[in-house]
Every structure is written in structure tokens, then in C-alpha cells.
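> Given the coordinates of chain A, assemble chains B, C, D and E with the ligands onto it according to the supplied hints.
For the record, the sequence lines run as chains A, B, C, D and E.
The opening residue of the first sequence carries number 1 in the numbering used here; numbering runs sequentially from there.
The opening residue of the second sequence carries number 1 in the numbering used here; numbering runs sequentially from there.
The opening residue of the third sequence carries number 1 in the numbering used here; numbering runs sequentially from there.
The opening residue of the fourth sequence carries number 1 in the numbering used here; numbering runs sequentially from there.
The opening residue of the fifth sequence carries number 1 in the numbering used here; numbering runs sequentially from there.
Everything labelled a hint here was simulated from the structure, so no lab data went into it.
Among these hints, one or two may not hold up.
Over the 12 Å line for every Cβ pair with chain E, so calculated as not near, a few chain D residues [stated by the list, open to error]:
#	residue
1	ASP39
2	LEU48
3	ALA115
4	LEU203
5	ASN206
6	ALA230
Just the calculated beta-carbon pair ranges, DEER-fashion [as the list claims (entries may be wrong)]:
#	chain 1	residue 1	chain 2	residue 2	range
7	D	ALA10	E	LEU16	40 to 50 Å
8	C	THR25	B	THR20	31 to 41 Å
9	C	THR25	E	GLY143	24 to 34 Å
10	A	GLY95	E	SER94	48 to 58 Å
11	A	ALA200	D	ARG43	28 to 38 Å
12	E	SER94	A	THR36	48 to 58 Å
13	D	VAL49	E	GLY143	44 to 54 Å
14	B	HIS113	C	THR20	35 to 45 Å
15	D	LEU16	C	TYR26	50 to 60 Å
Glycine included, every Cβ here is placed at the ideal spot set by N, Cα and C.
Residue-level listing of the chains:
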Amino acid sequence: QDKLSVLLDWFVNPDHAPLVVAQEKGFFKDVGLDVTLTAPADPNDPPKLVAAGQADLAISYQPQLHIQVGEGLPLVRVGTLVSTPLNSVVVLRDGPVKTIKDLKGRKIGFSVGGFEDALLGAMLEKHGLTLKDVELVNVNFSLSPALLAGQVDAVVGAFRNFELNQMDIERHPGRAFYPEEEGVPAYDELIIVAHKDKIAGDGRIKRFLDAVERATLYILNHPEEAQAAFVKGRPELNDDLNRRAWADTLPRFSHSPAALDAARYTRFAEFLKARGLIKTVEPVERYAVVVK
Amino acid sequence: MNAPLRPNTLAPDPLSITVTGARLTYGGTELFANLALTIEAGITTCLLGPSGVGKTTLLRMVAGLAEPEPPTAIDTSDGAPLHGRVAYMAQQDLLLPWLTVLDNVLLGARLRHERRSPALVARARALLDQVGLAGREADRPATLSGGQRQRVAIARTLMEDKPLVLMDEPFSALDALTRLRLQDAAAEALAGRTVLMITHDPLEALRLGHRIHVMTGRPATIGPALEPPGLPPRAVDDPALLALQAELLRRLAG
Amino acid sequence: MNAPLRPNTLAPDPLSITVTGARLTYGGTELFANLALTIEAGITTCLLGPSGVGKTTLLRMVAGLAEPEPPTAIDTSDGAPLHGRVAYMAQQDLLLPWLTVLDNVLLGARLRHERRSPALVARARALLDQVGLAGREADRPATLSGGQRQRVAIARTLMEDKPLVLMDEPFSALDALTRLRLQDAAAEALAGRTVLMITHDPLEALRLGHRIHVMTGRPATIGPALEPPGLPPRAVDDPALLALQAELLRRLAG
Amino acid sequence: MRLLRALITAAVLLALWQGVVSLTGVPRYILPGPLAVADALQRQAPLLVRHGATTLTEILLGLLLGVALGGASALTLASFRTARRWLMPLLVVSQAIPVFALAPLLVLWLGYGMASKVAMATLVIFFPVTTALFDGLRRTEPGWLDLARTMGASRRSVLWHIRLPAALPAFGSGLRVAAAVAPIGAVIGEWVGSSSGLGYLMLHANARMQIDLLFAALVVLGVFAVALYAAVDALIRRALPWQPDTHPAEEKD
Amino acid sequence: MRLLRALITAAVLLALWQGVVSLTGVPRYILPGPLAVADALQRQAPLLVRHGATTLTEILLGLLLGVALGGASALTLASFRTARRWLMPLLVVSQAIPVFALAPLLVLWLGYGMASKVAMATLVIFFPVTTALFDGLRRTEPGWLDLARTMGASRRSVLWHIRLPAALPAFGSGLRVAAAVAPIGAVIGEWVGSSSGLGYLMLHANARMQIDLLFAALVVLGVFAVALYAAVDALIRRALPWQPDTHPAEEKD
Ligand SMILES: Nc1ncnc2c1ncn2[C@@H]1O[C@H](COP(=O)(O)OP(=O)(O)OP(=O)(O)O)[C@@H](O)[C@H]1O
Ligand SMILES: Nc1ncnc2c1ncn2[C@@H]1O[C@H](COP(=O)(O)OP(=O)(O)OP(=O)(O)O)[C@@H](O)[C@H]1O
Ligand SMILES: [Mg+2]
Ligand SMILES: [Mg+2]
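Bound-form chain A, shown alone (with noise of 0.2 Å):
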């Protein structure tokens, strides 16, 4: 058995479903590997705590990564958890915010990622509006609820499988704007990042990757089993809004996590330059592999 520590990007959650379910279903002891799943509370760090050695791999998110990169950290992207975005503008459904172009004016709210004013920016610039015709507002973690008190108009942020369930749930329903509809290139939300300089000639990372794939076939074919092993052990995630967000978050799972479209990557760092978020467009084979 040898050991493998994973960082998460956040805590458990459905988003994670194909890692829990194939450490649940013994997966990963099946190719020979003992996997620690740690999440963090601030999602900046496990990149950071990956390029300084102290994991074996982490969840990131591809914007990060560009940006990560652009700053120097050796990290490299190795695998694809989810592959569509999932970063959303909601705004309330019965409220005054129709289209984008509603938001003139109005106060936004996001969650420091370091990428949400870019991809903000583009929405609005589709649109005929800068970001100096709304106001920003850090509201931290607390998306939903500062839009449902009606403290932003619209918060950028929110994922679109979990925040809209959440509002749903209160009963105050929320409208999504799809940035991959408005403006902003596609790309991958969830990925998994190593160090550049370990990944030659480590196979676990080959290992790792086989069972996270075995795992997201099995939550397609068997969504009961998967879901039921994936509360196991973790009460608190058997709640409606888990439930739902499971729902919507299957069909956007990697069904090939070790796969790399590179020109995708080429397209986003592009779309991060032209917004000033990174200074060159590098050689997508620095910092994204398949490994062998």
C-alpha cells in the first residue's frame, strides 16, 4: 500500500463524490494506494501546501491554476474532476435582475477567488457594461444568504449546483447566468494539481486517477449505491441539499479525469491575459500533462 495525500478544495461535498465514493468502495486499496482526503478552510491554500511539498496532490480550479502558475508555483495539472464550469452569476428569480444588463448599478457580491472580477468583467463587457457600473462587495462565504436578505442584487461565485439547490430550498428560487453563455470560454471547474518537479516517474499518480475514473462509472451506473456510500460515515451530508446537489452535480463529472483537452487550456489563458490576470500565455505542456 503506499500512502497518498490529497488536499480538497473545500469541505466534502458533492462535488468530491467520485474521491469519497472510490475511498468508500475501496477503490483505491484496490490499486494499491492508502489515501488521505484533508479538506481545508480557506480553498488558496492546498495549491500552495502541494507546490511546497507538505501534499501529494490537490483539488484546485483551472482559473487558479493559470494564476498560480503565472505567479510562479510549480504546479501542474495531472487530472479533471469536473469539467464544465460551475462558477455562476445568480441573481433571485422574482427579482428586478432579468439580464445581465440589469445589473447597472446595482451591488454584487463575491467570494474572493481571485478570479470572479475577471470573469465578471467579461459578462458585463458582452453586455455593453463595465465593472465600474456595479459595486463589489466581499461577502466572503456567505453568497446565499446575503443575496436572499437582500444585502447584493447578485452575488458571482455561486455554484450553480449547490447555491441555486440552497435557494430553492428556502423557497426563494434564484436565476443563473452561465459565464460559458456570456462571454467567458469554457473551462474546467474542478481539477487536480501536483508538483511539476514529483510527477516523473511517480506511478501512484497514474494509479490514482484509474480509480477516481472506476469511481465516477460506478456514481453513473449505480447513483443509489454511490450516494448511500457516500453519506457513510458523514451524517451531516444527508440532508435535502446534498441530495439535490448530487443530482446535478453527476452528469458534470470528468468521465475520463485523466484526459486533457490542451487547447481548451490555450483558449482560457488567452481570455486571463487579455483581462490582465496573467502577463504570458505559456506553453500549455508546463503546467498540464497526461500522465503516463
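For chains B, C, D and E with the ligands alone, kept in the frame of chain A given last:
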């Protein structure tokens, strides 16, 4: 110069206090049981007794600061409670370090939210002058010598204009001459008032006391009053006093 | 019963101290300037003076606690510095509230990390017995009367076995009889030692002092020594003392 | 009697809470009512007990370490002028650094285990204890110091036998603050990264909008704080019998 | 002389920092070296000044409010036995509640403006000040209280003229702690929700992996803390001239 020491209000009928059946225990030891003492109206009663016999405790009991046990009774001649009618000078000077000398003397007025009238301040200054501390009004207690601190405490007590005055060894830190001077000043200021004064100096008791009691024993008892002839303040070199001093020492020896 | 008061080590050659040209100012006022005093070896020097003249300050200066100004010189007969060779009893009792009476007496040993040997403890207990506090060893200072606290401080000072003993009004809070008893005890315990004692009581100075100085004036000066006949402790009723008392009072008024 | 009082306090608090909820109409995903929280407390009892045990361990360890280190550093500051001059600013700065900036460093050096949480709790407790004791050590009655000096006491001996006992009441004051803030220290530590503890549970519940569970965890934390404070308070009173404790409101007049 | 010492302190700190970086080989995206941070400080000076001004205002307002409220509540606790019995547990609980649980409530009631940050800073400062002053009020020399009683002072008058002045040194001790923790209070408040301030800047820099900027903001925060502490310390010494301040290490022996 002596005028300010005399209270500027008309003193009411002097008060007498009778303590009967007084009982007080500290941790199982009876300090006194069934102790009786009359503090006669309008005169100075001096209390002597060996160190640790319970003089301070008795004084505090009269001042309402020590909790006596039944069947203790403290009766006043006018039947009204003593609270608010006592000026108390403790064995320690108890000056407040953050107040100036003058403000320490004016403490009572400050605590009772009385107006700091020019007359009041003038009286305090005159008292300080009387105890030999003119010019030190603005100093803080930390810069005073032991005897100077005690003199501020005396001025503070005389400043209080109360029918009953309780003083615990008020002159113990003073040199012989200052002591004589202040004894005279105090005797004059307190004339006509009911005073209970603890002292260790038999001669001081004989100079100042109309009646002198000696407290001895455990549980302590109070002996009969010794009433020296003549009116206080008596002259130090009065040969009658020297004879009485020997008598007092005999009583002290119990 | 008196044995324990006598130090159990052989006293070294007694020490004499000469203060010359002493100068000290507090906030612009010269307390003393060019003051001279010799504390003779092996005898008791008593210092009298009006309250606030600077006696305590002088004592503290000798003890190394007050910072004198040039050209002050404090010389010892053996040329060695005084530090660590002084037993000092301040005007306040300075008992530590968290220590028992016995531990307060043993404070010096504790501070110097000396072993708390049975002999040491026995000596402390005997001293407490001598000052009339047998049975109170385990009590805390807060439960003592003013005089009792002072007696603990006396015991603590006598416990220190030092060539120079400085005492600031050591008996001021004691009644006449206890005072006489403790004067005798102290005189015996300190026999052959160099002692400087401040007192306010001329008779006390005359009983205990080999030499008596009076300090007066501002800046203060120290008068010539008065040397009463006979050896201390002298009898209280010695008529020669009474005559000298009048002389002392005259000098005090100086 | 004390128990009764505690119960009434709790009842009044609950009533107030319910009042705020009813009057202001706060939505329950911001402030759930006491009934909802009571329900969560009961339903999730095993969970709360499990995570509470972790946090309690961290709190106690942190308190122990924080008090020990705080005491030691106050003594060091008091012992060496040099230490005081150079270290004090450092201590002050240490208070102004937010955790999240330190979190990766802490994890790097201490890992995700209990060590990093105990370190955080320690850091939070450390400063009030240090300042309180150091301040107490500075305020010694000068007469005692003079006496000790003539008795030939070394500086260390004065510190140990005079200054320290005299400063204990001030130290007690610092301890009380420490007891009250220790729980938050542990919780902040858990935010650094953890897989159990009330702080973890709260973040978790918050992220999932299980606000009733979040508040249930808060209730447990509050109980810890009050219990710790009461225990420390009782301990201090016991340990310092010579210390005047004159409760102002109990005076007669 | 003092300035020189401050400069040397800073230099030693920087050297230590550089030492840690060099020796442990912490990567710069976890702990950048002092040079990198100095560079960021200089490059981003206008940004730091702008956000620093916001935070400083919050700190000062919070300090003012926290000290006023803390002082008032200590006096209330000391005045009314009832208040003491019922309120003390409440105060203790208030310390154990992590911000983020309160954050949505605070924002709901106070909005995203400066009020919620000032409220946080106030909350953080409040408890040390309250406990320190309350403890001081309890430790009055009994002799003074006796004297005041015989002088016919009301309870309120005793509190005001005897207990309070006697408790000022203890209050000063609490103030010092408050000055040191005020900055973190404001920063925590900014995390709750804000669009400017050093806390906001730090979150932002952290997310963008501009760790040098994050640490530059930390440096500014540290300077605030030290300056505040020094100012409060000087103020206290001035205000309490009668208070023995015997620096242990300055004794001669
Ligand atoms: N710290 C100080 N600052 C300013 N003045 C001081 C200070 N200490 C003492 N003094 C002044 O020095 C003078 C001498 O004080 P000292 O205590 O030596 O008097 P003393 O002769 O011992 O008097 P007493 O018999 O009353 O004890 C006094 O007038 C006092 O006010
Ligand atoms: N708080 C207390 N707890 C226990 N015992 C006490 C307390 N206060 C005083 N005592 C004891 O009561 C006795 C009488 O004390 P008190 O102070 O009345 O004596 P005193 O006659 O004034 O003596 P002195 O002349 O020495 O001042 C002493 O033996 C003392 O130890
Ligand atoms: Mg007495
Ligand atoms: Mg003196």
C-alpha cells in the same frame, strides 16, 4: 489661626453611646464577650490596652465597620442610628495616592458630592496649616514622610464635622513636639464633641482624656474609668499626671 | 528564653560608618546639604528630629536605598561596601500578605535561598515568642493588629544577622508595657552591634541609645551627640534621664 | 441556588433570542430560533459530542501551553531589560497577524493534526496572559523591593519571591480572559485545516446552510467557555486567599 | 535613542525573518523574504495607503467604542450585583462566538459599510477591557472602603471616587491588550464583507497568490499595532503618575 479648627456649624446636642453585651469572635477565639463601654457625651474618652487586645476592633464595631455578634447592643442617646454621624481615623493613614494632599483632606465632601465652596477649601487649607503642612497642598501623598501622612489624616478627620469622632492612635508617628502641638489643636477642635481615642501613650491619654479606660484580657474587658482632675489639654509637667501614669501602667499590666 | 535573640554566629569586628558631605534634594528643595554623621561601631545611635526633617531619607541613604548627590561620601571602617551587611526595618511594617507570620520572619533566608534548617526555624519561632506572638506563626498578616504587625517586623529584623542594623521608629505602634519589654529584648539582641535607630520618643532614645543625635532644620543638620551615663537599657525611672529629656526637647525645638 | 440562577439565565437568554427572531423576522438561514437549534442539538448529539471532544482537548491543551508560555515570557520580559525592549514589539505584532496568513506556514511546520490547532489556541491566549502578568510584575509595592534589596536578594530571587506572588492577582485577571477566549482560539485553529472539531463542524454546516447545526455547535462552544471561565475563576479565588476581593455591590450602606 | 532602538528591533526582526526563510527553505509563495515584501511595499504603496487608511479608521473607532463600552459594562457589573450575576456569563459566551457565525447577522443589521467592521473591532476589544477593569474594581484596598463608608459615601460615590481611580492601573493593563488586538478585530470585520481595507486587500492578494503583497499588508498592520500599543502605553504612564512602575530589570544590586 485657631479659628478654622472649630467647626463652623453649631454643634447639635452632644451624643453619648452605650455599648453593652458586645461579643465578637475571630476564628473561634472570643475577642470580647459581654463587653460594656459608655462613651459619654461631649467629652473625650481615651482607650488604652496592650497590643492585640481588640481596641481597633472595638472602635470599628462602633463605627459600624466590624460585624458584632448577638447580644451586642450599640445604643445612642438620641436613639437614631450612628451611620453618617461618625468621623473615623484609622490606624493606617489611608490616604488616596491619586489625590493631592488638599483633595485628601476634602475627601468627605467629594464623596458626599458637596459643593467645593471657597469656604470649604479655605477651611481645609487652614487645617493643613494647623498641622504644619502649609505649602504642601498640591503634593501627592507618596512624597510625604510618615508623620506628614498621619498629619494629613488628622486634618481630614477634623475636617469632617461629625458628632462622634473615633481616632485610632492618631499621633503615633509624630515627634514629641509636633505631637504636643497637635494634641492641643485637636483638643481645642474637638471640644464639646464626643470622642473615643485609642492611644498607646499613657501621658497622652492623661493630657487629652476626660475619662480613661484600660482594656485588657482575652476575652477583653474594660476597666473602670480614670478621671484625671482638671480640663484637657492638661500640662505635660503636671505632677498629678505622673502619679496617675503609674496607676495606668499598673492597670495595663492587668 | 533570651538566648535565641543573641545571634548564633560569632559577630565580626563591629563596623562604624561615617557619612560626610551628604546632600540630597527632592524637587528643588535641599533636604540636607553637607550633612555629617558618624555611626560608631558596636553601639546604638539614636536619631530624633521633627516629622519631615529627613530622618527616614538619611536612613535609606545609609541603607543604599536613596540616591544621594555628590559630594556625599559613606565610608565604612573596614573599607568594604555596605551592601548585604545591613538589616533594615522601615517605618511601615512591609509584611508580605501572602506569607504566614513565620515565613515573613524567615523572609531573608528565603530571599537568599538559604536552607530552611530546623535551627533557623527554631530561632524564628523563639523570636516570635519573644515579641509575644507565640501561637500566631501560621496566621497571615491580614489577621494581625497594627502592633502585632510591627512586632513581626521587629522579629524579622532581629532574625537578620547583620553588622549594621537600621531601624525606623520600630516601637511606634506598641503600648507602653509591650514597648518596654521589646526595648529590653532588642537592646540585648543588638548588644555589640552597630545600630542606628530613629525614634520620636526622647525617653526611648535615652533608654536605648549610647549616643543620641537630634536632626533639625532645612537643609537639616545633625547636632552633637548626647551621651547619657550608664549602659542601655537604662531604667525608665532614672532621674538623670528625665533631666536629659528636657535637654533633648530643647534641642528638638532648636 | 447557583444552578437555579444559571438555569434562569439560560431561560432569559433563550427568550431574548426568540424575541429577536420573532420581532426582527430574521430568516432562519441567518439566525434560527432556539427551538430549531434545540432540535438540532438533540438530533445531532452524537456528532456534537464527537467534535466537541476534539475541540475541548485542543482548548485545554492550548490553555495549558498558552498560560505556561505566557507566564514564562512575562517572567523573561520582567527579568531582562533587553528582552523587554526587543521582545515586546514582537509580541504586539504577533497579535495583529491574522491566522489565514499564517495558516499555510502552520500547516507546513505542524501539519493538519492537533498541533496546529493547539498552536492557534496558544497564540490567542498567550498575549492577555503575558501582558497581565508583566503589568502585575511591574506594579510591585516599592517598599517590598527596598526591603528585599537590603536583605541581599538577587534580582531573580526578588522576581520569584516578591514580584511574582504580588503579581498573582493581575495574573488571575489575565487567566480569566484567557479562559474566555481559549475556545475561539481552538476554533480558529480548526479553520486552519482539520477534519474534526466544532470549528470544522461549523464551517461545514455554514457551507451547507445547516445553520441550525451551526448554532447548535455555537451553543456547545458557549457552554465550554462559561464552564472554563467559572472553573478558572473558582481556582483563582482559592489560590489567592490573601487577596482582597471586595465585591462592590455587596457593600452595605 | 528610542528611535534607534526601534530601528534596530526592526532590523533584527528582518534578519530573523530572512533567517527563517533561508534556513527552512520555505517557498516564497508561503513566506516571502523581507526583500520581496519591501519591494511590494514600495511598489504598492498607494494601494496600501488607501486600504490602510480605511482600516486605521475602523481600528480607532473600534478602540474608542470598545473601550467606552467595556468601561461602561465593567462599571455596571461592579454597580449591580444582579448585573454581575446575569450578565457575566453572557459576556463570556460573547467571546466564544466566532465571527463568521455572526457575520451574516452583523451585515444584515449593519450593512457592508464601516459599521460592521467597527462592531467587530469593538467586540474583540470589549472583553479584555471589561474583565481588566472589573477585576480592578474588585480589588480595592478594604481600608479605603471602610473610610468612605464612615464618610457617608453612597455606593455610587465609592465606585466613582475610590474604586475607579484605584482600578485605573488594572484598566490600563486591559487597554494595552485592547490596543494590540484592535487591528485584528478590524481585519476580521473586513473579512465579514467589505470593499476596501487591509483585510480585503489581504484576501484578494491571497487569492491571486500575490503573497508578497499579502505580507506587505501584514507589515502595515503590524506597524499599526505597535504604534497603537506604544501610544496607549505612553498615555497610561502619563495619566497615572501616582502609580508605582518599578521596572524589574532596572533595579541595581
Ligand atoms: N519621593 C519624594 N519626593 C519628594 N519629596 C519627598 C519624597 N520622599 C520624601 N520627601 C520629602 O522629604 C522630606 C523628608 O522626608 P522623610 O521621610 O525623610 O522625613 P522623616 O524625618 O522621616 O519624617 P517622619 O518623622 O514624619 O517620618 C519630607 O518633607 C518629604 O516630604
Ligand atoms: N480579620 C481578622 N481575622 C482574624 N483575626 C483578627 C482579624 N482582625 C484582627 N484580628 C485579631 O483580633 C485581635 C485584636 O485586633 P485589634 O486590631 O483590635 O487589636 P488592637 O488592640 O487594636 O491592637 P494594636 O494596639 O496592636 O493595634 C488581634 O489578636 C488580631 O490578631
Ligand atoms: Mg489597633
Ligand atoms: Mg520617617
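> Indicate, hint by hint, whether the structure satisfies it.
A quick look at each hint next to the structure:
1. ASP39: Holds: least Cβ distance 18 Å, greater than 12 Å.
2. LEU48: Answer for LEU48/D: holds, closest chain E Cβ roughly 15 Å.
3. ALA115: holds, 16 Å
4. LEU203: violated, 8 Å
5. ASN206: Violated: least Cβ distance 7 Å, not greater than 12 Å.
6. ALA230: violated, 8 Å
7. ALA10/D / LEU16/E: 40 to 50 Å: holds, 48 Å
8. THR25/C / THR20/B: 31 to 41 Å: Given about 57 Å between the Cβ atoms, the range is violated.
9. THR25/C / GLY143/E: 24 to 34 Å: holds, 32 Å
10. GLY95/A / SER94/E: 48 to 58 Å: Taking Cβ atoms as reference, GLY95/A and SER94/E lie about 35 Å apart, which means the hint is violated.
11. ALA200/A / ARG43/D: 28 to 38 Å: violated, 50 Å
12. SER94/E / THR36/A: 48 to 58 Å: Taking Cβ atoms as reference, SER94/E and THR36/A lie about 37 Å apart, which means the hint is violated.
13. VAL49/D / GLY143/E: 44 to 54 Å: holds, 51 Å
14. HIS113/B / THR20/C: 35 to 45 Å: violated, 55 Å
15. LEU16/D / TYR26/C: 50 to 60 Å: holds, 58 Å
Figure legend: structure checked against the earlier numbered hints; hints not met, in rising order: 4, 5, 6, 8, 10, 11, 12 and 14.
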